[in-house]
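Could you build the full structure based on these sequences and the hints that come with them?
Those protein sequence lines, which keep their order, are chains D and C.
By UniProt numbering, the letter at position 175 of the first sequence is numbered 175, and the numbering carries on one by one without gaps.
By UniProt numbering, the letter at position 390 of the second sequence is numbered 390, and the numbering carries on one by one without gaps.
Just so you know, the hints here were simulated from the structure itself, not pulled from any lab data.
Be a bit skeptical, because a hint or two may be false.
What the hints assert, rightly or not - Here are the simulated DSSO-like pairs of lysine-lysine, each with C-alpha atoms no more than 27 Å apart in a straight line:
| id | chain 1 | residue 1 | chain 2 | residue 2 |
| --- | --- | --- | --- | --- |
| 1 | C | K186 | C | K201 |
| 2 | D | K179 | D | K159 |
| 3 | C | K201 | D | K235 |
| 4 | D | K235 | C | K193 |
| 5 | C | K447 | D | K32 |
| 6 | D | K454 | C | K123 |
| 7 | C | K120 | D | K454 |
| 8 | C | K74 | D | K218 |
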Amino acid sequence: MATDETERARGKRAALSFAAVTVLVGLPLWWKTTETYRASLPYSQIAELDTLQFQLMVPISVVFAKGTLPGELQQKLPFRETWEKQTHLQAKTSVTARYETAYRSATSREEQTLAMASVQEADAALLSAQGSALGSLAVYVIPESSPLLPQGMGMYIGKHRSAVVRGPRSPKEVLAAVKARVQQVAEVMSFTAESIAGALPDHIPTDQPGAEWRRPFKSSLGYEITFSLLNPDPKAHDVHWDIEGAVSHYVQPMLDTLGPVANFSVDSQILYYAALGVTPRFDSPTSSFILSAHSLPHVINPVEARLGSSAASLYPVLNFLLYVPERSHSPLYIQDKDGAAVPTNAFHSPRWGGIMVYNVDSVAANKTLLPVRVDVDMVRVMEVFLTQLRLLFGISPVLLPGDTERENPGDAGLADWELDRLLWARTIENVATVSSTLTSLAQLLDKISNIVIKDDVASEVYLAVASAQTAMRELASGHLGLAFHASKEAATSSERAFFDPSLLHLLYFPDDQKFAIYIPLFLPMAVPILLSLAKILHEARQQHKKEPIKTD
Amino acid sequence: MAGASVPLGLLLLGGGRAESPRDALREELLLSPLPSGDLAATFQFRTRWDSELQREGVSHYGLFPKALGQLISKYSVRELHLSLTQGFWRTRSWGQPYLQAPAGAELWVWFQNSVTDVDKAWKDLSNILSGIFCASLNFIDSTNTVTPTASFKPLGLANVTNHHLLIYAVLPREVVCTENLTPWKKLLPCGSKAGLAVLLKAERLFYSSYHSQAVHIRPICRDASCLSISWELRQTLTVVLDIFSIGQGKKDWSLFKMFSRTLTEACPLASESKVYVDISSKDQENELLEVIPPPLSTHEAAVQGERKTYAVYDLLNPALFNVSRSLNVQLKWKRPQDGSHLSMPVLHAQRYVSGYGLQTGEISTLIYNSHLYRAFPILLLETVPWYLRLYVHTLTIITKGKENKPSYIHFQPAQDRRRPHLLEMLIQLPANSVTKITIQFERALLKWTEYTPDPNHGFYVSPSVLSALVPSVLAMKAVDAEQSPLFTSLFPSSDGTSYFVRLYTEPLLVNLPTPDFSMPYNVICLTCTVVAVCYGSFYNLLTRTFHVEEPSRGHLAKRLANIIRKLRGVPLL
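Written as structure tokens, this is what we have:
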């Protein structure tokens, strides 16, 4: 009986050690060899980014010319003041604008400048004297009686980053009046709640249907601008355009100014037999052809097939089409919703480009032999295209307060502060895009557990998060240039992480196949172990039941 | 007389237009009845662009397509040749082709000297071309890419001799269809709206025995002094239509019958728009065929060693449309053709794979030189994928029963999954001879993920390429290749006594040992079962409790045994 007992104990020990080896060695080994490699990601920081709480700091310096401040206030200069304005865009998202205003009196050089004859000269001289950082503003307050601003004009906004403000008549509430003016200036020259909301289209529910149409191009690292001349009737019209000259004269200066925002490349092409998708309606009273506003959406699609995608880069393409209508359809006019002819004869499609219809003088054409040589008036065309280009980039015309005048930006086509406005909006848009890209990446990885996360993907994610945080920090400390740069880097890294091809090497093991492979091995191995464990457990329980009786 | 005046007119036209336009387009269509009774139609559209593509930062495109222009300037391409072909040009029955292309897709590119990473540029370029032409060129990778040393010379202006800038790849599996034709047509300035391109209707073009479309881009001299370069884009399309099946047993054809369209106008942008019909007959005394409407002029030329006569219809000549508004070229045979005078082309080749079983095999190439008294050398290029392991020591070249030693051999062995075999040889072909080249190979076992979805179909081996300067029977005038019509082809002929021919042999289809693809699962199941059985008995042995059983009566087995023992007379248990 004793040998029997030892034999049974040995069997029990063997079964237990089998179970122990399986659990301690087998299971971890199996787990280790079949797991997918997933580098750790900063989930909490991504979630933090997703709240999108922007703090924007605008450094403003207010310079008082002689005679604008009463004596006791003059003594207090220079001093600083900060005020904040918070806008809640959504439950989570909010934008806090902090205006850090430094008040000081004008230096002698500035006094000299402000005493100049015309405000335009003063504006140019102030830039060279001061030099300005991206995003900063300077407001010059001049005495009420100063001849620098013409009569009736209370504020002048220059080409660069400065404004000249006429001081109030009574010197008592001068500070309050100046502060109100400075707020106006800041809204015009940096951002408003609306311009910020416009940059966050995916985060803000848009109520009005028209908002869709004002959406600018998505922020990207570069853009391809393509000018296409569509000549559907080369038998009748031999169209020539001096696109090279027009690009170097009109487009390039503006793109040079926009250089900090993105890279641009410009090309042009001529497409023959490229017709619009709709047949225009003949209008007998004016003996012309008419494209009505509601048919315009159908115009683009057939043309787009001919435009050809850009083969050499991945940047979005902005298309500008100059359409010379067929002889049998000219002259062709675009009619707006009210039935009036559009004076520019052009329209634009948001996030795509613009189309302009260029009518050939048909009277002259009748006399001569076909084809008629047509030389396109590039000034007229480029005027329209540049306006459309500004619209597509979201450089919309700003509402100016009543007694204000702004300087014409001149050759560059863009004032410095307009660039600032664009940079503010683009920085915020970039950060928002990064946060939504990373959030969706995190959600995706969370949902599909088979995706491999390689180290380089993880490092791109970390880089994106760090850059986005830097961008937020720089925004809060008023360094617009640095913030934009960081946001661009963040956008690049987040896109690279999201579109990394290694994420697509998803290990596709559906559960049924997994079981089909595992069952032949695991079932025969697991059943004896489980059975003997159950038996041991059962015996132990019976022993346990017996023992108390014994002790009793 | 008329034949002599046409080239002169051409030259004058060319001379007058040399300085004025920046771009020029010339379109040509050549219709040639083949000896077998089929009809070959070759379209050629030449777009010339007077621009230094690489130098200009901002690019402005006129007639030249923007997509290709961007490609050339971005990847610093010197020359690009892409062809997509369905079917095989039967040299024996159709004669020498003007421009043959191998079945499937062929791409070869010369890069500029400035390109440092040729492989990277090649990869990107083939991917983008794959997008532009909707073809599977993205399957071009290092396993089917080679750098030939001698077979492919730049066709345009070039002073490069560094053959590392040349890359060549063939995808014999590629199927060409309408989706490849549409983007090709889109590159034409007139699209398919006007000019000769209106004939390009997909349902007719693909109802043919051979369809080949190609794009050739090369730099050429802008003028005679050649101080600056222009870019030339040639888009060619060749179809061989089976006239018998279209025309219900008759060999007469017309444009309308073949393409279900007629020509009404030239492309307004073209500076030249012509239709050529090959009306040369073998025996001069009695004319066999008649073309309607009668051509306004004819053109005589020596093409590939033969004297040919072409009827020329110039669509830019308003006199052509005086009688009727549209041009429907018709050809009628005056009496039934006997078809006996199938003349053998001077050079043709044939290739097949032989052997049995799935382990070894042999590739045999037969090259025919049917020139009666002239010997000439040919360059043979073979690209064989790595999974056919060539045994170079088995390479034999036999002509007229004797061994023929090649004067130049370049062999680059394959590396598994990295690059294919490349074999280039310069072989002298004696007059009126057949040369047989054989090489043995062993079939490799692939990894089970490397098989194509239909592995039992077999694996393609790309055609071998034969390049030769074939001596001409006729003395040919050296002509200005730039101005002459398309049948002088892309290849410059060095002198009047020979002409350049590039031929492609058939692609081969080789079966590889193909496993049963459910094998991995079977192996898993079998292994698991074996493991489970071993494990089970081992487990039982170790965990079961063994104790000695007291012998006791009454067991059925024991009783049975005792009955047997009693019968045998042995003591009971």
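Results of checking the hints against the structure:
1. C:K186 - C:K201: Measuring from Cα to Cα gives roughly 13 Å; hence the hint holds.
2. D:K179 - D:K159: With a Cα-Cα distance of about 22 Å, the restraint between D:K179 and D:K159 holds, given a limit of 27 Å.
3. C:K201 - D:K235: holds (23 Å)
4. D:K235 - C:K193: holds (12 Å)
5. C:K447 - D:K32: Answer holds: C:K447 to D:K32 is near 25 Å, not above 27 Å.
6. D:K454 - C:K123: holds (24 Å)
7. C:K120 - D:K454: holds (23 Å)
8. C:K74 - D:K218: holds (25 Å)
Of the numbered hints given earlier, the model fails none.
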